[in-house]
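Trainee: Here's the letter readout for the chains.
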Amino acid sequence: MLEVRSARKVFYRGQPDEKVALDNLNLTLATGEFGVVIGSNGAGKSSMLNAISGSLVLDSGKILIDGDDVTPMPVHKRAARLARVFQDPMRGTAASMTVAENMLLAELRARSRTFRPGLNAARLAEYRERLSVLGLGLENRLDTKVELLSGGQRQSLSLIMAVSDRPDVLLLDEHTAALDPRTADIVMQATIRTVSSLKLTTLMVTHNMQHAVDFGDRVIMLDAGKVKLEIAGEDKKNVTVVDLIGHFSVKTDRMLLAS
Amino acid sequence: MGFIETTLSSFVSLIPVTLAQSLILSFVVLGIMIPFRMLSFPDLTSEGAFPLGGSVCGVLMVAGASPIVAIAGALLAGFVAGCCTAFIHLRFRIHTLLAGILVMTMLYSVNLRIMGRSNLSVFGSPTVFDWVPGLQGGFPASKIVVAGIVVLAVFLLLYFYFKTEKGTAMRAVGSNPDMAEAQGINVWAATIGGIGLAGAFSATGGALMVQSQGFADVNMGIGVLINGLAALMIGEAITGKQTVLRQLLAPFVGAIVYYQLVSLCLAAGMPPPDLKLATGLFVLIMLALPSIKRGRGPAAAKETFRE
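Protein chains in written order, with the numbering used here: chain A, 1 to 259; chain B, 260 to 566.
Be aware that a few hints might be false.
Said to hold, decoys possible - Straight-line distance between alpha carbons at most 30 Å, and here's what the computed BS3-like set of lysine-lysine pairs gives:
1. A:K19 / A:K62
2. A:K19 / A:K237
3. A:K62 / A:K236
4. A:K62 / A:K145
5. A:K77 / A:K62
6. A:K62 / A:K199
7. A:K226 / A:K236
8. A:K77 / B:K552
9. B:K535 / A:K145
10. B:K500 / A:K145
11. B:K552 / A:K145
12. A:K237 / A:K199
13. B:K552 / B:K500
14. A:K77 / A:K226
15. B:K535 / B:K425
16. B:K425 / A:K77
17. B:K535 / B:K552
18. B:K422 / A:K145
Because the hints were derived from the structure by calculation, they are not lab data. From a predicted model like this one, the values you see are computed outputs, not experimental measurements.
Chain B with its partners taken away, still in its complex shape:
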């Protein structure tokens, strides 16, 4: 009885912190979902774009830029990184995954160059979380409010975008590039723009994270991709992905549920070093499920990705 009580009480006390964290990291999940689901382009750039956003944001903040300018700079840098991955794939016909690994690896050096060292403190600089009236900046409540508003705005914008003529065209590129091209859609432009957008979201997540935790670190991206994938899988299991609305809800729902689950595991006494193994196993099971199910019953519809 005592175990469950202490687990629950420490879990509940962690909820505000993990909720703030999951809202911020939902941008990374979004940056993974858009290439993966909307463009059939498995993209690993986010592992490098996330710390890139953090580095750019940190350097700009230290230089005295306003927190909004710092986030805008991070967003732009992430967009460029995403564009690079898409371009490498399209121009040199390099596998999407390899293109992502190349960019992510090169970004590690770029991030070190940007910051000039491996760790940069931005404590004391103003952040977007200071701007909530009636709340003191730096506390989970203000982070939840600010991140929540941004999440809601991004969600609505994307929802309307994917319903527009341009957004429909972008989804067609993911669904069937040959068909999209034959329908007059510029596959290059849509792919580069879409992957760039995803990179921008990942970098924005990094920037918000830096403002939230008060420092930028060159290693802050390690594992963020697999966490994001796990969150996406959970989100899709809950919301489904039959419609644009459901597919778009998945990253946000998934991020919140995933980080609560992690928090629950840690509260229950799971050693933190084991977390990545557990997350990896979970993603593996979610990805393997269709093929396990295929053993019995009819073949599941195969998903095709660009190579």
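Isolated chain A, as found in the complex:
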């Protein structure tokens, strides 16, 4: 379970361009629940995700994972319980290292690293199996440096890395936004498959209204650093793209076109 309690963050406090990024935001995601976060630019989506992952320090408020207060923990400590796929395929992987080494780093996310050899036959076989789920042929390219992979392949790898040790919370930060539509679709399908088969507690930020309609148990709309609207249960099943866009305070045609 993921809880955000009265999270508050103000940028440039006391300056003319003061900006309230998170305004006493409250959010609870039950264990195994898949939440989809939408909202216009500057609504606080990224700030919320950064606050949950630890890269943004809150002015006040708390972040709890399965009831444990993780607010004072730095990013690398929280990583034991939480995995994140970034929007930029470059950010989530170590480019100059091989596919297998990246998988190893992900496997060790929640564990203490030892002086034992990192890669061994058993691990390589396991990685091969995990990557074969994607159907991209990555399982045959374990010794390839990640910088030689395409953006879609890198993002798919990031996804497999993120779910490899069943994190308590999975954060997806517009993780298909930088991909072409076909690749985005492949990555999205893989996401849905793994999230539902592993029953991961997932928070996905997206600008794609169709994704918000099609996937997830609950839609959470942010506006000015607060939750403006939540749609769950039967309502979520019947919601349409037009409904969602109707709730945006600033409407643009681009939203509809992008969907």
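Dock chain B against the given chain A, drawing on the hints supplied.
Mentor: Below, chain B without anything else, positioned relative to chain A:
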């Protein structure tokens, strides 16, 4: 004909001496390579850590410590110096290069304080080079044997280390600090530890140099960084850097080839004062090559360093 003959004969006669020297200085090249390539942290500390190792080693030897203890003391001092550079960069967000320059400059005074004067003779004190059975200490052969064994041991240790779980994590910090942090790696600890390790190697090089040449000098570090960089560039041109093995071989191969090249130039009659200019130009060309090549053909992959 006479020129080539005399050049070659004086070059060949210098080989044992330069080989011993290059094995010792390969520690400095290693101390430059690890921050630069494994941690993407261009680090200038070695210019100060090298004489620091020499000073500490010299003072300990004069005080009657065993040569191994003297080297251990130097290693520890170098580790601390490296840690300082990394800490200054991480804590105060000062550019890596500036942090290195600060530490290197401050170390000059520290080294003078440690020795109490600018030059310290350790002639007559026992050195690690005395311990080779069947050879007389102080001759190139014994230096080659001792330095060679240490080089081999360090190379093997590092090779296995960078393949372990911890070593892989350290390389990830150099490859992508954001990703490393998100994978639960403590970027601070890995950076401080890695740069400290590099400082320790540079200082060890200084300590071995002092035992080899019989004196410590506060100015022995001048130019050691650019020599080390040149050696690293040559090594990488020969071995490549695609794998951990190749990247790790580069400092050792580079050090040996570089100092042989220098020796060849000197044997051919190049005035020693011109050496630094030549070395600097060489490093400049090696660093500029990717951008010169980019003029034609596709853009080369850009290397990113921490700032």
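Trainee: Could you run down the list of hints and mark each one as holding or not?
Mentor: Evaluation of the provided hints:
no.: 1; hint: A:K19 / A:K62; in the structure: holds, 20 Å
no.: 2; hint: A:K19 / A:K237; in the structure: violated, 35 Å
no.: 3; hint: A:K62 / A:K236; in the structure: holds, 28 Å
no.: 4; hint: A:K62 / A:K145; in the structure: violated, 39 Å
no.: 5; hint: A:K77 / A:K62; in the structure: holds, 16 Å
no.: 6; hint: A:K62 / A:K199; in the structure: holds, 25 Å
no.: 7; hint: A:K226 / A:K236; in the structure: holds, 20 Å
no.: 8; hint: A:K77 / B:K552; in the structure: violated, 43 Å
no.: 9; hint: B:K535 / A:K145; in the structure: violated, 37 Å
no.: 10; hint: B:K500 / A:K145; in the structure: holds, 12 Å
no.: 11; hint: B:K552 / A:K145; in the structure: holds, 23 Å
no.: 12; hint: A:K237 / A:K199; in the structure: holds, 19 Å
no.: 13; hint: B:K552 / B:K500; in the structure: holds, 19 Å
no.: 14; hint: A:K77 / A:K226; in the structure: holds, 27 Å
no.: 15; hint: B:K535 / B:K425; in the structure: violated, 38 Å
no.: 16; hint: B:K425 / A:K77; in the structure: holds, 16 Å
no.: 17; hint: B:K535 / B:K552; in the structure: holds, 25 Å
no.: 18; hint: B:K422 / A:K145; in the structure: holds, 16 Å
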